[in-house]
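So the sequences go chain by chain: H and V. Everything in the first sequence is counted per our numbering, starting at 39 for the first residue and increasing by one. Everything in the second sequence is counted per our numbering, starting at 240 for the first residue and increasing by one.
Keep in mind the hints are simulated off the structure, nothing from the lab. Treat the hints with care, since some could be wrong.
Taking lysine-lysine pairs in the DSS-like style, the calculated list, with each CA pair at most 27 Å apart, reads [what the hints assert, rightly or not]:
id : chain 1 : residue 1 : chain 2 : residue 2
1  : H       : K95       : V       : K288
2  : V       : K307      : V       : K345
3  : V       : K345      : V       : K288
4  : V       : K345      : V       : K297
5  : V       : K297      : H       : K95
Please read all numbers here as calculations on a predicted model, not as lab measurements.
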Amino acid sequence: KAGVTQTPRYLIKTRGQQVTLSCSPISGHRSVSWYQQTPGQGLQFLFEYFSETQRNKGNFPGRFSGRQFSNSRSEMNVSTLELGDSALYLCASSPVVRTEAFFGQGTRLTVV
Amino acid sequence: AQSVTQLGSHVSVSEGALVLLRCNYSSSVPPYLFWYVQYPNQGLQLLLKYTTGATLVKGINGFEAEFKKSETSFHLTKPSAHMSDAAEYFCAVSPNSGNTPLVFGKGTRLSVIA
């Protein structure tokens with residue numbers, strides 16, 4: 039069974055640009071969560087989608103948004119990038135909410 | 240609100256020595272508990288989980304953890320450290336009601352000295 043796939047693995051963007059990250063969950067998983075990981079703040083929850091509906095949202099500005107498609111694939115978008123958005127963005131999928139989460143390899147975003 | 244505290248941001252052990260990584264949680268009811276491991280530039284991999292039942296949980300790579308309700312703890316242990324165990328370890332909690340997502344501790348970096 040294929041794992042969680044995140045694309046791209048690495049990304050370099052300029053301050054002020056926007057970026058879209060993609061996540062394909064494990065087949066059959068309906069819950070997708072996104073996390074931001076930085077050395078200073080650790081793992082911070084961004085948002086969670088279940089059956090195309092945003093079920094939970096973390097404490098991030100509105101520049102961070104996401105969506106989930108009918109096939110459970112998810113995207114997250116960050117607009118007007120800031121230097122502080124440089125991080126490893128992790129996507130995780132679960133068959134149902136509150137079970138263990140299976141993580142992708144992450145997308146390393148560098149904002150210059 | 241749920242929270243997780245991992246005592247010690249960095250733990251160093253000798254190869255062959257006992258590994259003990261500490262995790263305490265705050266919850267009004269017993270939650271689901273997880274340990275994840277992360278190698279450099281990788282995602283998180285599930286080591287083990289506690290949901291219900293037996294309080295001593297065995298995971299992959301020889302790790303185990305014991306849920307102690309009275310101490311609100313879920314410490315991770317391994318009898319004999321191997322060089323390949325060097326990584327970052329995260330404890331996580333999922334509340335036993337509602338649909339809130341996993342809450343992670345800040346992580347503990349394990350170094351193994353030859």
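To see whether the hints hold, each was checked on the structure:
1. As the CA atoms of K95/H and K288/V are separated by approximately 24 Å, the hinted pair is consistent with the 27 Å bound.
2. Annotation: proposed proximity of K307/V to K345/V holds, straight-line Cα distance about 20 Å (limit 27 Å).
3. Restraint check for K345/V and K288/V: the C-alpha separation of about 18 Å stays at or below 27 Å, so the hint holds.
4. Between K345/V and K297/V, the direct Cα distance comes to roughly 22 Å. Compliance with the 27 Å bound is thereby established for this hinted pair.
5. Between K297/V and K95/H the alpha-carbon distance is near 32 Å, which puts this suggested pair outside the 27 Å criterion.
Violated hint: 5 only; the structure is consistent with all others.
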